[in-house]
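There are 2 protein chains.
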Amino acid sequence: MAPSSTATSLPVPVAPIPSIDALISRRAANRTFKHFAASITDGAPKNFKPHPKPLALSFGRPNAQYFPVKKITVEVDDYPFQDTLFKNEERSQKPVVIERYPEDSELLGTGEALQYGNIVGLPAFHKFLTNFVQRIHSPAYDDWEVTASNGAGEGLNKVADALIDPGDVVLFEEFTFSPFGNNVRNVGGIPVPVKIKFQKEEDDGISADIDVEYLSHLLENWDELKPELKGNKPKAFYTIPTCQNPTGLTQSPETRQKIYNLASLHNFIIIEDDPYGYLTLPPFAVPDVESLKKHDVSIDDYLQNHLVPSYLKFDTEGRVVRVETFSKVFAPGLRLGFVVGHRKIIDVIKKYSSIVTRAPSGPAQLLLLNIIDQKYGGIDGWLEWILKMRLAYTHRRNVLISSIVNSEAYKLGYIKVVSCDAGMFASLLVNFPQGTDNIQKINLLNYKLLQHGVAVVLGHKMAIDEDFSEGSSNFLRLSYACLDTDDELHEAGSRLSTAVKEFFDNGLEY
Amino acid sequence: MAPSSTATSLPVPVAPIPSIDALISRRAANRTFKHFAASITDGAPKNFKPHPKPLALSFGRPNAQYFPVKKITVEVDDYPFQDTLFKNEERSQKPVVIERYPEDSELLGTGEALQYGNIVGLPAFHKFLTNFVQRIHSPAYDDWEVTASNGAGEGLNKVADALIDPGDVVLFEEFTFSPFGNNVRNVGGIPVPVKIKFQKEEDDGISADIDVEYLSHLLENWDELKPELKGNKPKAFYTIPTCQNPTGLTQSPETRQKIYNLASLHNFIIIEDDPYGYLTLPPFAVPDVESLKKHDVSIDDYLQNHLVPSYLKFDTEGRVVRVETFSKVFAPGLRLGFVVGHRKIIDVIKKYSSIVTRAPSGPAQLLLLNIIDQKYGGIDGWLEWILKMRLAYTHRRNVLISSIVNSEAYKLGYIKVVSCDAGMFASLLVNFPQGTDNIQKINLLNYKLLQHGVAVVLGHKMAIDEDFSEGSSNFLRLSYACLDTDDELHEAGSRLSTAVKEFFDNGLEY
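Listed in order, the protein sequences are those of chains Y and Z.
So in numbering that gives the first Met the number 0, spot 396 of the first sequence is number 395, and the numbers just go up one at a time.
So in numbering that gives the first Met the number 0, spot 279 of the second sequence is number 278, and the numbers just go up one at a time.
Keep in mind that the hints were calculated from the coordinates and are not lab data.
In this text the structure is predicted, and so the values were computed from the model without any measurement.
We put the CB at the ideal spot given by N, CA and C, even for glycine.
Hints may be right or wrong, so weigh each one.
Stated by the list, open to error - Label pairs and their calculated CB-CB ranges: (1) Y/Lys410 - Z/Phe32: 35 to 45 Å; (2) Z/Lys52 - Y/Asp203: 30 to 40 Å; (3) Z/Pro122 - Y/Lys229: 46 to 56 Å; (4) Z/Glu469 - Y/Gln133: 24 to 34 Å; (5) Y/Asp295 - Z/Ser104: 16 to 26 Å; (6) Y/Asn29 - Z/Glu469: 23 to 33 Å.
In isolation and in its complexed conformation, chain Y is listed as follows (with noise of 0.2 Å):
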């Protein structure tokens, strides 16, 4: 693809490869980190020989036999819901046995997790993660490495810190998981939204995507666009790339490219939060847990043509950080993800987490990674249980859509399904007549929403500007990730379509 400035093809990078080291923050960089552990590398007498089995009475870490758990056993779900969704299915019962030091070498034991950790993860944990981007996002580039975090919103706060100064222009999806607005703040930077663009499909639906055309246009433009910003172009693009929160838009492949190419010929940073980019969903279909089968795909055909490539796939030059999680595929109390990056930028976020935050928890890592290696078999056994989790994500997807499409105020128009193709969110767009002013009606059609008894996030609570997203702010998120039952999703969806038709009903009003 040759450059070009026309709307449609976008122009591939022309920049030299720039330095990562230009990339890092101030703070990041010039921050120092001392320890007390004596060196004996310089100094030494001449005739020096150091004891073959020297024995410490250096450490401060306590024996292992002051830990007072001896031995853990785990009963494991074979099934997510596998009492009511998957109550059919076979079931193994044998449990996870985790001893405070396991015959197996290669099982992490309760002696081993109890200790003062590794702050990139304890290192069967650190190979395990390793070893998990190389199968199924491996970059395009060699220099790059892994280190676990706390969960998402802490790796996303480690990434602020490794990438943004104060004054830096961060550039967000304009409705997006905000929280990290705070992060972003929180080390002097500036916070900017790009256009999302909702637009009438051909079968009358709505479907939303990043407005590539717009951020192309904002970068080339800049200091004409952002007077009070000029000479300050963007830093990094904070993106939500699968199942966006809150719109649940899912960047196509070719989506991806052009937005790495942007990022290459303007030289920023993509950070990719990706919590939910493996519960990608087949569409939408009448809820029916015997047709779900067919969507139990081989690790090879969801790897190969369902799993959407993460930004690092493209990424040439470094200048991708992926943030996981696993929050949403294993459970969010572990408090436990990972940073994956070009190793500068690792290696600055390894020296502020040994200051600041410290190394990951051992019992999260002992729990999740015993579940994986003796219940799952290692990576491809938990692609398996993520399979799982897809499928009964599907169903429960299925089952909330399906009480909306057949309601009333669907086929009357008043409601409209935007995204509802990943993660644990669908979107819903209200119709409101050319004119509205959508905060304010939607604001009100909420407390009508929560007269008939459903919680929903409204949009725009999620702006970054909410002046910059007026127009559009005419959307609803809802999860389907929370409640109990089939039943309950069931009666959500139709109290909130009864409480629409009746806001219609009564001309917008309460």
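With chain Y fixed as given, assemble chain Z onto it according to the hints.
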């Protein structure tokens, strides 16, 4: 006690009680935090009535049926080193059983612990922490609060963020847990050392203590003594009051009261780092497992006569921030601790945690709390476990120190025991002749120690300022926490003594 300017009788506070707000860092006070959870309190229509049983499509948190952990069973030791040191004691083999949804609503289940948790700790854990502080170290004022942390190192970082602005001076014991210096420098603070007094005792032993007269004099004459910091009096004093790391000294209650009075008079915060505080040990004795039992004191006796009161007990003004950890009395891998202080300080720490670190890990809280609740039976049972830890540390200390005091090097006066009456560290003074270059010679001795196969920490490696502390840099920190067996501890002490003797016999050469 009347105000006085003599060296031995220190002044009591005369300054008005300060505003806590004025002690909080500008960074922390100005930090903003936004979340997208919709509020329904403002702008509601007059006739708005919320549904009594709302269904949530709002939360992005996965249903607990997505978490594969069904049930956890934990076999817990009744004693530390129960297969060796306490092998003849009675044991109850009843395991700790943790259900997804425990029948007993007081117990923490996996369903709750694996879900998104609270910043201050899960409700049951936070309640335990509050009750624990109330029972053991209740502050001398009412408006205090507790928040969980990810261990002491992370807790200390939270405190540095909350209190220290760029340019603020923080006093440190001259030899100290130097990593906190990283935290202070990371927020722009300036560490300044305070003298520790090593003093010959009548029994020819050596005692160590904070030099309170030095501190008082320094504070009263700050501008003259620290011209480079003129007008910039200390914002805080960082202290490890029990089993100070690395000297092993424990401040008496009288010392604590005097230092608190200075804090009040000169308006600084006391940052109390107390990882070893529970492990106050009886005096050194010949190691003998049977006679350990006479130190198996009651909880009341322990609390009244053995545990040294926290600075919180002297704190009438909310100027003490106490940092605790479960690392030394349970296990470091948990990465679990807590911070106690004035509500206003804890409030800014909570805001910081909401942005930067997020909530502590669930499995760590789950494991600890269920063991405390089910195995130990609550706070007093937890103290019983701590008392068993204390006995185990007493024994191991006795083994190591006995090996040293029975050595030729000791009998010849080459080494002296400075402190070994608390925690997991003893410090040994190497009795170099007057005029010796302490740092040069102790570095050289270290190679002799390593040749003989014993690793220690050199005191001066933990100095805030090596030049300031050169004169008292002739000591070694020994830990009896880490080695596996009594035999190893004995052998390590013996190697150390042999190496020292050889070094002295060789005219302080390798």
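- Query: Any hints this thing doesn't respect? Which numbers, in order?
  - Reply: 4, 5
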